[in-house]
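> So the chains spell out like this:
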Amino acid sequence: MSVISVTKLNKHFNENHALKDISLEVQQGEMVALLGPSGSGKSTLLRHLNGLVCADKSQAGLSQVKVLGNRVQQDGRFSPQVRASRGQTGYIFQQFNLVNRLSVLDNVLIGALNATPLWRSLTGRFSLNQKRQALAALDRVGLADFAQQRVSNLSGGQQQRVAIARALMQQAKIILADEPIASLDPESSRIVMEILQGINQQEGIAVVVTLHQVDYARRYCPRIVALKQGEIFFDGASEQLDQVTLDALYGSKPQAPHSVPQLWAKTA
Amino acid sequence: MKIVNDAGNMLELGADFFPPDFTDIRYYLEEMLITLHIALWGTLFAIILSVPLGLMCAENMVPAWIYQPTRRLMDAARAINEMVFAMLFVVTVGLGPFAGVMALFIHTTGVLAKLFSEAVEAIDPGQVEGVRATGANKLEEIVYGVIPQVLPLWISFSLYRFESNVRSATVVGMVGAGGIGVILWESIRGFMFPQTCAVMLIIIVTVSLLDFGSQRIRKHFI
Chain A
679 MSVISVTKLN KHFNENHALK DISLEVQQGE MVALLGPSGS GKSTLLRHLN GLVCADKSQA
739 GLSQVKVLGN RVQQDGRFSP QVRASRGQTG YIFQQFNLVN RLSVLDNVLI GALNATPLWR
799 SLTGRFSLNQ KRQALAALDR VGLADFAQQR VSNLSGGQQQ RVAIARALMQ QAKIILADEP
859 IASLDPESSR IVMEILQGIN QQEGIAVVVT LHQVDYARRY CPRIVALKQG EIFFDGASEQ
919 LDQVTLDALY GSKPQAPHSV PQLWAKTA
Chain B
12 MKIVNDAGNM LELGADFFPP DFTDIRYYLE EMLITLHIAL WGTLFAIILS VPLGLMCAEN
72 MVPAWIYQPT RRLMDAARAI NEMVFAMLFV VTVGLGPFAG VMALFIHTTG VLAKLFSEAV
132 EAIDPGQVEG VRATGANKLE EIVYGVIPQV LPLWISFSLY RFESNVRSAT VVGMVGAGGI
192 GVILWESIRG FMFPQTCAVM LIIIVTVSLL DFGSQRIRKH FI
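From first to last, the protein sequence lines are chains A and B.
So for the first sequence, our numbering puts the first residue at 679; every next one is plus one.
So for the second sequence, our numbering puts the first residue at 12; every next one is plus one.
Honestly, I wouldn't trust all of these hints.
[To be verified] Covered by chain B, according to a simulated footprint, are these stretches of chain A (three or more residues, beta-carbon under 8 Å):
1. 756-766
2. 774-782
3. 787-795
It is worth saying that the hints were derived from the structure and are not from the lab.
Think of the CB as a built atom: it goes at the ideal place given N, C-alpha and C, for glycine as much as any other residue.
Chain A with its partners taken away, still in its complex shape:
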């Protein structure tokens, strides 16, 4: 069953055509890496999947994003179920996007807002059961002892694990991670990627993660989708992504060795 289904998605930022006719399917239980140079549109694509950005307007039924069978947006308009869909989707940000002045536990409980009646959520009356769940989620990421601390006192790697606990609290059916390890040290990166991998393998939750480091993508993700200038450049098993494709993707072609002397020769 496909949990993410994107059809003919286009997005312009003023003149810049950030996404060009993107169509993509992700099946249940997959772990997919989104690769691509900066500005290739991988973060933009991920934000469309959670309805944080709306695509270009289009003709009826032409472009749409469906997550877990629910429509998130169609033809450049959010669907009325966009909040329900966000509720089932865990989203991890590069800058963690936790509420700094709240405790770790409160931040995890934010993951329960969508499933909590309004009078309870607005007065902060989470049920005992929800608090137990939040502690269990923190335990899963190894931060149960930090529950009462303020998020701003935690290191970057710990904060990212709190963000994952928040996604677990949502009982998310899929997790979208937007460069989750781009601002972390190698050890924290490894821990975060292993937690994501563990969630993917044990619960069968589909994970889509944008990454800058190709070796992390190869190590943790069986499938790689690469974007270049807003188009899908490669989509396949990670073993199939060879050096030639990578060089073409990142445009790191070996420079012609005589280019510099030539320039020098001209001026001389």
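Knowing the structure of chain A, use the given hints to seat chain B on it.
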């Protein structure tokens, strides 16, 4: 030049203030308490109203067709000095502290809504987006994503406004809106300078004590 030439007059007037006359101190203190009440209730009502109005003035929270009219309304509330409001309310609700409360309430709402909205406009949008990404609705975004970020500033602004409202409350009394200002005005008009001096000393001590107190409250919350 006048200050130099007429220095003798100034000294004479200054000398008339001393020694201060504290014979009616019980009465002064009672009226000072009323002044504090005027400031407290005026500020409290203003804070309660400024929370929604402050959010409705912030351009990162609501569309322009909401924040523009709200801002203009707050401009109007702020533009008119509390003394003017006090005179108007003395006419409508009669002489006494209630007119003072209403005057401070309206003026302070205009000020606090602006200060609150500026704090809201300076928040980190990422934290709110983090809350939104979990499927929270707009109200939950505000309660969990916005309020925690602005709360220290909001408390600080509110305490400062309370302090300055205590000062204003002594003045609105002059137009008949109750409190120690009435005594102050009457004693000045009656050339009873020793009494004036006593009232002024009481105001100074009260404001200093409040400053000290609010400093402690502020430290506790930030």
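> Now look at each hint and say whether the structure bears it out.
Hints, verified against the model:
| no. | hint | result |
| --- | --- | --- |
| 1 | 756-766 | holds (count 6) |
| 2 | 774-782 | holds (count 7) |
| 3 | 787-795 | holds (count 4) |
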